[in-house]
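**Q** The primary structure of each chain is shown beneath.
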Amino acid sequence: MPMNANQMIDKVRGSRVWRSVFRSGTGSSTLHRALAIQQNIFLHLFATKVRKRIVRFSATWYLGTLTLGTFLILVITGILLMLYYHPSVPQAYADMKDLQFVVSSGLFLRNLHRWSAQLMVFLVFAHMFKVFYRGAYRTPREFNWVIGVVLLVITLLLSYTGYLLPWDQLAFWAITVGSNLSSAVPLVGGKIHFLLLGGNQVNANALLRFYVLHCVVLPLAAILFIAIHFWRIRKDGGLYVQQSEPKTQAIPDGALAAKEGQ
Amino acid sequence: MPDATHIITTKLPTEFDRRAFFTKMGLGSLGIAAAGTILFSYEYLSPNVLYEPSAVVNAGKPESFAMNSVTMDVNSGIYLVRAEEGYFALSAVCTHLGCLTAWNQDLGIIACPCHGSKFTRTGEKIEGPAPKPLPWLKTWVSDEGDLMVDRSTDIPPLQYLRI
Chain A
1 MPMNANQMID
11 KVRGSRVWRS
21 VFRSGTGSST
31 LHRALAIQQN
41 IFLHLFATKV
51 RKRIVRFSAT
61 WYLGTLTLGT
71 FLILVITGIL
81 LMLYYHPSVP
91 QAYADMKDLQ
101 FVVSSGLFLR
111 NLHRWSAQLM
121 VFLVFAHMFK
131 VFYRGAYRTP
141 REFNWVIGVV
151 LLVITLLLSY
161 TGYLLPWDQL
171 AFWAITVGSN
181 LSSAVPLVGG
191 KIHFLLLGGN
201 QVNANALLRF
211 YVLHCVVLPL
221 AAILFIAIHF
231 WRIRKDGGLY
241 VQQSEPKTQA
251 IPDGALAAKE
261 GQ
Chain B
1 MPDATHIITT
11 KLPTEFDRRA
21 FFTKMGLGSL
31 GIAAAGTILF
41 SYEYLSPNVL
51 YEPSAVVNAG
61 KPESFAMNSV
71 TMDVNSGIYL
81 VRAEEGYFAL
91 SAVCTHLGCL
101 TAWNQDLGII
111 ACPCHGSKFT
121 RTGEKIEGPA
131 PKPLPWLKTW
141 VSDEGDLMVD
151 RSTDIPPLQY
161 LRI
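Protein sequences, first through last, are from chains A and B. In case it helps, my numbering puts the first sequence at residues 1 to 262. In case it helps, my numbering puts the second sequence at residues 1 to 163.
Mixed in with the good hints, there may be bad ones.
[Claimed, not checked] In silico lysine-lysine, DSSO-like type, Cα no more than 30 Å apart, as pairs:
{"id": "1", "chain 1": "B", "residue 1": "LYS132", "chain 2": "B", "residue 2": "LYS118"}
{"id": "2", "chain 1": "A", "residue 1": "LYS191", "chain 2": "B", "residue 2": "LYS118"}
{"id": "3", "chain 1": "B", "residue 1": "LYS61", "chain 2": "B", "residue 2": "LYS138"}
{"id": "4", "chain 1": "A", "residue 1": "LYS235", "chain 2": "A", "residue 2": "LYS130"}
{"id": "5", "chain 1": "A", "residue 1": "LYS11", "chain 2": "A", "residue 2": "LYS49"}
{"id": "6", "chain 1": "B", "residue 1": "LYS132", "chain 2": "A", "residue 2": "LYS191"}
{"id": "7", "chain 1": "A", "residue 1": "LYS130", "chain 2": "A", "residue 2": "LYS49"}
{"id": "8", "chain 1": "B", "residue 1": "LYS125", "chain 2": "A", "residue 2": "LYS191"}
{"id": "9", "chain 1": "B", "residue 1": "LYS118", "chain 2": "B", "residue 2": "LYS138"}
{"id": "10", "chain 1": "A", "residue 1": "LYS235", "chain 2": "A", "residue 2": "LYS52"}
{"id": "11", "chain 1": "B", "residue 1": "LYS138", "chain 2": "A", "residue 2": "LYS191"}
{"id": "12", "chain 1": "A", "residue 1": "LYS49", "chain 2": "A", "residue 2": "LYS235"}
Hints in this document: simulated from the structure, not taken from any laboratory. Here the structure is a predicted model, which means the values were calculated and not measured.
Build out the structure end to end from the sequences listed, making use of the hints.
**A** Laid out in structure tokens, this is it:
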């Protein structure tokens with residue numbers, strides 16, 4: 001007996017292999033749909049149930065999700081760029097030029113990485129402004145705001161460390177100037193500068209250190225904090241629902257007068 | 001049972017003391033281990049050998065510099081100046097954020113392209129964000145008669161090298 005598409009899907013979803021992977025079972029009941037979220041390692045970070053008006057575009061402009069999107073693009077394009085880039089003084093600049101002019105789709109991947117990086121910094125700021133002006137940083141979400149600030153710093157450090165890797169004049173002098181800023185820290189400034197560059201000037205050690213920070217340390221830190229950030233959204237009661245403006249008559253006369261008096 | 005209560009109250013402090021002792025031992029060991037890790041990491045991250053160019057630069061014969069000339073050595077980041085009073089070497093690295101400055105022959109000043117700091121020929125600041133004048137560097141004449149500059153050693157300004 002021929003099966004239609006839906007019957008086929010149901011058969012696959014009812015199979016032993018499928019059930020061994022997705023244990024929540026089939027069905028469109030509220031329980032099954034909740035279990036599908038709760039029992040998935042990726043989705044369980046999120047709430048099983050959200051208000052419809054909070055997933056509308058107008059509520060958040062999807063700025064956080066878009067930021068994650070640019071981050072994922074950066075991870076994928078970054079790994080691909082790593083396959084042709086050597087973080088060494090004689091080769092770095094030539095490899096960057098090879099990526100632009102010799103490697104198939106190299107120019108596309110490099111530009112995608114660069115533009116996504118610019119866009120990610122913009123989106124992080126836009127996301128923070130949106131959260132701030134909606135008042136979504138207030139209790140009980142203060143800690144998630146702090147995690148967000150950490151993620152902002154990681155994003156900026158990723159931008160900064162990535163800036164040296166083309167190893168051109170712009171990169172060299174930008175990092176010379178930027179690393180000299182750290183020398184201004186009282187007492188330990190010189191030491192921080194020395195540890196950051198692995199020497200007294202922007203040289204082979206600095207290139208390698210920035211490469212390791214850019215490709216390993218900072219992305220891992222970002223992934224860790226992104227996971228905490230998303231998990232805290234659920235723990236702090238889901239995405240922030242903006243309360244409607246209190247009605248004028250609901251405010252006592254005294255309070256209103258006191259407010260005007262300020 | 002007064003005897004039993006008595007035994008319990010005398011036993012409790014010794015038990016607590018032993019636990020507190022082990023807690024202190026554990027935390028203390030962890031503290032030492034953490035301090036050691038920080039020290040170890042700091043030592044590891046500080047290179048002991050640097051493959052950087054030598055701080056001592058051989059600038060060539062003193063006679064090769066014309067009177068009242070400012071010569072920049074881009075590779076070593078220094079100016080070699082021959083003035084009426086004698087020779088001196090000046091660091092070309094801006095004291096603001098480390099950019100390489102440039103000598104402007106027409107205006108007779110040293111200017112930084114990054115943030116607009118300006119200096120006189122003797123390194124004094126004219127304007128700009130630079131917090132300090134350009135340092136004077138130790139100079140001497142080698143046994144072979146070459147003008148030598150040590151970029152790592154600053155000297156007080158206006159100590160001309162007379163030959």
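**Q** Indicate, hint by hint, whether the structure satisfies it.
**A** Going down the list of hints, with the structure as the test:
This hinted pair checks out: B/LYS132 and B/LYS118 have alpha carbons roughly 11 Å apart, not beyond 30 Å. Distance check on the hinted pair: A/LYS191 and B/LYS118 sit about 28 Å apart at the alpha-carbon level, within 30 Å; holds. Distance check on the hinted pair: B/LYS61 and B/LYS138 sit about 16 Å apart at the alpha-carbon level, within 30 Å; holds. Between A/LYS235 and A/LYS130 the CA atoms are separated by roughly 21 Å; this keeps the pair inside 30 Å, and the hint holds.
In summary, the hint linking A/LYS11 to A/LYS49 is supported, as the alpha carbons are separated by about 27 Å, within the 30 Å threshold. This hinted pair checks out: B/LYS132 and A/LYS191 have alpha carbons roughly 20 Å apart, not beyond 30 Å. Only pairs whose Cα atoms come within 30 Å are accepted, and A/LYS130 paired with A/LYS49 is accepted, the gap being roughly 23 Å. Restraint check: the Cα-Cα separation between B/LYS125 and A/LYS191 comes to about 27 Å, which is no more than 30 Å; the hinted pair holds.
With a C-alpha separation of about 22 Å, the suggested pairing of B/LYS118 with B/LYS138 holds against the 30 Å cut-off. Proximity of A/LYS235 to A/LYS52 is assessed by CA-CA distance (about 19 Å); at most 30 Å being required, the pair is judged to hold. Between B/LYS138 and A/LYS191, the direct Cα distance comes to roughly 24 Å. Compliance with the 30 Å bound is thereby established for this hinted pair. Distance hint between A/LYS49 and A/LYS235 is fulfilled; the C-alpha atoms sit about 13 Å from each other, no more than 30 Å.
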